[in-house]
Structures are given as structure tokens and as C-alpha cells.
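Student: For reference, the chains in residue letters:
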Amino acid sequence: MDALLPSVPALLVLKVLEQGPAHGYEIVRRVERTSEGVLALKEGTLYPLLYKMEHEGLVSAAWTDVAGGRQVRIYTLTGLGRRHLVEEEEIWTIRSGGVNRVLSTEGAATNGLA
Amino acid sequence: MDLHEWAEDVTSGIESNRKAREVRRELLGHLASIADELIAEGLNSEQAEIEAVSRMGNPGWLQVSLRQVVGPPLSRTQILGFVLAAALTLIGAVGSLGDSLFAGLLLLGGLVMAGAASSPGDRQAPFAALGRGFKRHVQVVATWSLLGLLAGAEPVWSAGPSVSQWSWIWPVCLYVIVPAAGAATLWAFSRSGVLASLGTLGAGLLAYAGVGIVSGWALSAFWHLSPSTSAVVDWYTTPGAFLPWYAQPFASHLGASIGFLTLSGVVGLGLVWTIRTGFAPFKAGVINEPLARAGKNRRSPVRS
Numbered sequence: 265m266d267a268l269l270p271s272v273p274a275l276l277v278l279k280v281l282e283q284g285p286a287h288g289y290e291i292v293r294r295v296e297r298t299s300e301g302v303l304a305l306k307e308g309t310l311y312p313l314l315y316k317m318e319h320e321g322l323v324s325a326a327w328t329d330v331a332g333g334r335q336v337r338i339y340t341l342t343g344l345g346r347r348h349l350v351e352e353e354e355i356w357t358i359r360s361g362g363v364n365r366v367l368s369t370e371g372a373a374t375n376g377l378a
Numbered sequence: 420m421d422l423h424e425w426a427e428d429v430t431s432g433i434e435s436n437r438k439a440r441e442v443r444r445e446l447l448g449h450l451a452s453i454a455d456e457l458i459a460e461g462l463n464s465e466q467a468e469i470e471a472v473s474r475m476g477n478p479g480w481l482q483v484s485l486r487q488v489v490g491p492p493l494s495r496t497q498i499l500g501f502v503l504a505a506a507l508t509l510i511g512a513v514g515s516l517g518d519s520l521f522a523g524l525l526l527l528g529g530l531v532m533a534g535a536a537s538s539p540g541d542r543q544a545p546f547a548a549l550g551r552g553f554k555r556h557v558q559v560v561a562t563w564s565l566l567g568l569l570a571g572a573e574p575v576w577s578a579g580p581s582v583s584q585w586s587w588i589w590p591v592c593l594y595v596i597v598p599a600a601g602a603a604t605l606w607a608f609s610r611s612g613v614l615a616s617l618g619t620l621g622a623g624l625l626a627y628a629g630v631g632i633v634s635g636w637a638l639s640a641f642w643h644l645s646p647s648t649s650a651v652v653d654w655y656t657t658p659g660a661f662l663p664w665y666a667q668p669f670a671s672h673l674g675a676s677i678g679f680l681t682l683s684g685v686v687g688l689g690l691v692w693t694i695r696t697g698f699a700p701f702k703a704g705v706i707n708e709p710l711a712r713a714g715k716n717r718r719s720p721v722r723s
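Going line by line, the protein sequences match chains F and H. When we follow the numbering used here, the leftmost residue of the first sequence carries the number 265, and every step to the right adds one. When we follow the numbering used here, the leftmost residue of the second sequence carries the number 420, and every step to the right adds one.
Any given hint could be a false lead.
[To be verified] Not the full set, but computed from the structure, chain H residues with beta-carbon under 10 Å of chain F:
no., residue
1, Glu424
2, Glu427
3, Arg437
4, Ala459
5, Glu460
6, Asn477
7, Leu485
8, Val488
9, Val489
[Said to hold, decoys possible] To give a feel for the contact side, a few chain F residues facing chain H, derived at Cβ under 7 Å:
no., residue
10, Tyr289
11, Arg293
12, Glu307
13, Lys316
14, Ile355
15, Trp356
[Claimed, not checked] Pair ranges (Cβ atoms, derived):
no., chain 1, residue 1, chain 2, residue 2, range
16, F, Ala326, H, Ala602, 57 to 63 Å
17, H, Asp428, F, Arg293, 46 to 52 Å
18, F, Thr328, H, Tyr594, 37 to 43 Å
19, H, Asp455, F, Ile358, 26 to 32 Å
20, F, Ile358, H, Asp428, 41 to 47 Å
21, H, Ala637, F, Ala326, 29 to 35 Å
Read the hints as simulated data drawn from the structure, not as lab findings. Yeah, the Cβ is synthetic: ideal placement off N, Cα and C, and Gly gets one too.
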């Protein structure tokens, strides 16, 4: 059986890259900003995940010069990544809705028994 | 903690040096961005660096994740290559005790090992690893060079009328220099990935063979030019006597010892790596484990 819900970090990364290409630091900040500080993508999780996604062809990466003479690796969502995101979002919506319904039903049943 | 040391540690499990360098560059860039932000908030640079490193999470976990995602375990072909290389080296080493022509198998074993260490998309990696072995592990190169010098100069201290004068060299070599070279090499293995470790082993072997052969050549040439001093010659004049002077250093003990050291190094690396990775090369389907574990370590607010 596959996972009950899609990987949350993977979904978040793909979703923020849908807004436009970004480097690792920017991805972390976008997640924090968009979730209004509720979600924080840990850097130690981000990079292994990005390399895995790059290996699977979901994102592509290229080094780019930025201000201050520094170079950063910019990640871009590929066509495959975009399709993968649509599928994962659908799965997330359906299954998380199902989980919520089960949780609320369970609460009502418990109240009834009491 | 020094940022470069931290980056070196977390990428030490990545087999390809080129990929490890690229990952280090990216992680250091990320750390610099965090540190810049923290400095702008009022921290000094030292505090900012410490905080930036702590935000990157558990370094041990990151190291395992990066090794499994970027530097996956060896393929079956690579494992087969290493086994074949070890077998060729063993046959070559044992055979060259009686016939120096077996030394050719040692060379073949080395070539098979280099081929097995190469990943399909990164053919330059073995050479980069070798260069890095020379640069980063000076103590390995130095101890193995010293061993090479003693092996190359063996006829001076192990034979002839002055042998008793030099009799202390053998125990020093056996009980001090060989363990020191072994310890330095195992220490290097314990903190590097497989390819980097093979680079270090290769650097040590090249240093040993290079210094041994050059010093052997120098002595052989000296005796060739001055035959009256050849009373001190031992092993160059027994199994290697039929060879011309310039081929004599490859004969007998020096050739065999290169084989034995190669074999010991490969076995040592195999043991260290097997212990470090918990038999990872023999397991399949482990790539996603750290990512799956990430989901179990949630705190509030959710940090994944």
C-alpha cells in the first residue's frame, strides 16, 4: 500500500516552485511566509529532498550569480514536476478530506457512547 | 564549529567528489544567507554562524540522507568489480613471491578497482579522488612514502657485511611505521566516502610504489655502474637477477609488498565502510528511509 498522504515536504517544495524558480534558502522562506509561520521546512530535509526530486526529473537546477558575488543553485519545476504536483494535490485533497471526515465521525460516535 | 569542516563532515558519505563539492558549495551558500540575515538582526558573525549551522538540523542525519540520496550504495557490478580486483591482487601478490611476472596481475587488479570505483556519469571522479587523497591526507602519503623508501633501500639494510649495523630498521618498520601508516589510512577511511577513501588508498600506494621504485632504481643503477659494491645486494640479485637493472626494483619483495598493501587497504576499507554503513551496500530500497523518518520527528510548529 502506498503512503496514506503524499509527502508534505515534497508537496510544499513543488507548490512553492510552481510560483517560480527559487534557490534553497528562498524555498524555505516562501514556505514560512505563505504558511504565516505555521510550517517551517527544515534545511536538513530540504536538500536531500531537492536532490531526490532532481534525480527523478521533477525539478531542474542551474547555478546562477547573485548579488554579493555569490552563486546559488536555482531550482525550476519541470513539466513532469508540474504534472506530479497536480496528481499529488488531488490525492492530498481527497485523502486529507477523508481523514478529516473519519476524525469528526469518530468524535461524534464517542460522544454518543458517552 | 568551522563551516567548512561542518560541510566536509555532512558530505563525507557522498562517493563522488565532484558531487560532494557541489553539495558543499550549495550548503555553504545557504548557511551564508542565514548568517547574513542573522547579522542584520544584530548577532555577531560567530553567533550567526553557530545559529545557522544549528538551523540545518542534525548533521549525522543530514550526512546519512545525503549519502543515500546523492551517493547511493554500490551497484552489484561495482561490488563484483571490487571482488574481482581483490582476487586478482591476491593471486598477483602470492604469485609474484615466486615469479615476478605475476606482478602484471597486480596492475590488472588496480585497473579493475579503478573501473569499479567509477560511477557511469562521472569518469573523472577517480582521478579527482586521487588528487584529493594527496592533498588532504598528507600523513597517509608521508608514512607510505617512508615505507616505500625503506622497501626500495632494503638491500642496504637487510644484506651484506653491514647488516648488523642496520638490524634495528626491521623492528622499527614492523612495529612503528607499518602500524602508523595503517592507522593513518584507516582514520582517513573512517571520515570519507568510498571513492574518496579509494583515492586516499591510491595516493598512499602511489607514494609507496613511487618512492620505493625510484629509490630501488637509484640503488640498482648505482650497483650497475659500480659492480664492486654489489656485495650488499640481496633480493635484487636472487629472484630478480635475470632481469635488467631497471626492472629489478619491480621484482620480488617490492612488487609483492605493493600487492599485499593494496589487498590490505581494500580489505581495511571494506571493513570500515561495512561497519560505518551497517551493511548498506548489501541492502536494497533504503533510499527513502531518512525521508520517511523525517515525518515522524515533527514538533510544534511542524518542522519537517
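Student: Checked against the structure, which of the hints given earlier come out wrong?
Tutor: 1, 2, 3, 4, 5, 11, 14, 15, 16, 17, 18, 19 and 21
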